[in-house]
Amino acid sequence: MRVALFVTCLGDALFPEVGRATVALLRRLGHQVELPAGQVCCGQMHVNSGYQAEALPLIRRHVEAFDGYEVVVGPSGSCVASARHQQAMVARRAGDEALAERAEALGRRTWELSQFLTEVCGLEDVGAWWPHRVVYHPTCHSLRLLSVGDGPRRLLRAVRGIDLVELADAETCCGFGGTFAVKNAATSTAMLADKLAAVLRSGAEHCTAGDASCLMHIGGGLSRLRSGIRTVHLAEILAATEASR
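Residue numbers (this note's numbering): 184 to 428.
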């Protein structure tokens with residue numbers, strides 16, 4: 184299958200290893216992966232902060248970059264949720280019905296990585312190997328906007344060598360929420376403290392999730408505590424094989 188990688192601006196700028204892992208995984212599974220050069224920020228940050236007019240050119244650029252691709256896959260629940268649920272709304276509110284219809288069509292072709300693997304490809308075992316104790320944090324957008332369900336956990340359970348442990352109050356937000364963490368720092372920090380306590384109690388070596396943004400927030404907290412627990416994106420675990428280690 185010909186797949187376009189929606190790498191996301193955060194991934195491109197700060198976590199390029201996540202994009203590389205996604206490409207390696209999809210190619211190992213037999214897909215032809217392409218990276219549209221015209222993609223930039225999808226506009227999620229602007230929309231979430233109330234700057235819909237400023238988001239419109241970014242949405243138009245996003246739609247044009249991925250036009251012509253049958254399937255678009257992104258290793259980010261929040262960015263995929265923006266493509267599916269925000270872009271057409273913003274275009275329609277701006278009076279651009281043509282763009283709204285194109286954005287809606289693109290949203291239907293855009294998949295979060297774990298959903299693409301489980302729902303489109305019908306896979307659970309992707310041939311991964313990760314001999315570590317891991318705890319999984321389900322991110323808010325993946326749960327509440329994309330309804331990924333237990334797909335990521337099913338993928339993780341099939342990983343060879345993994346010791347997947349449960350996270351207490353797993354569905355509680357980590358406190359990041361994009362600009363929420365900046366505008367409401369005290370509340371965000373308190374929410375993060377609860378999440379960190381749960382991760383520490385799990386006894387895990389690694390904390391994983393499907394969003395680099397949440398892992399950045401959690402990872403910063405774990406680092407400041409000098410916990411020794413590493414954060415790793417779901418794509419990195421699924422891309423790892425015994426041969427690659």
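Simulated from the structure, these hints should not be mistaken for lab results. Predicted model, so just to flag it, every value in this text is computed and none were measured. Incorrect hints may appear among the rest.
[What the hints assert, rightly or not] Below, computed lysine to any residue pairings styled on SDA-like, alpha-carbon distance capped at 20 angstroms:
id : residue 1 : residue 2
1  : Lys366    : Glu200
2  : Lys366    : Asn231
3  : Lys366    : Gly404
4  : Lys366    : Cys356
5  : Lys366    : Tyr234
6  : Lys366    : Gly403
7  : Lys366    : Asp333
8  : Lys366    : Leu193
9  : Lys366    : Gln215
10 : Lys366    : Leu239
11 : Lys366    : Ala376
12 : Lys366    : Met399
13 : Lys366    : Ser232
To see whether the hints hold, each was checked on the structure:
no., hint, verdict
1, Lys366 - Glu200, "violated (29 angstroms)"
2, Lys366 - Asn231, "holds (12 angstroms)"
3, Lys366 - Gly404, "holds (18 angstroms)"
4, Lys366 - Cys356, "holds (16 angstroms)"
5, Lys366 - Tyr234, "holds (15 angstroms)"
6, Lys366 - Gly403, "holds (18 angstroms)"
7, Lys366 - Asp333, "violated (32 angstroms)"
8, Lys366 - Leu193, "holds (19 angstroms)"
9, Lys366 - Gln215, "violated (41 angstroms)"
10, Lys366 - Leu239, "violated (23 angstroms)"
11, Lys366 - Ala376, "holds (17 angstroms)"
12, Lys366 - Met399, "holds (17 angstroms)"
13, Lys366 - Ser232, "holds (10 angstroms)"
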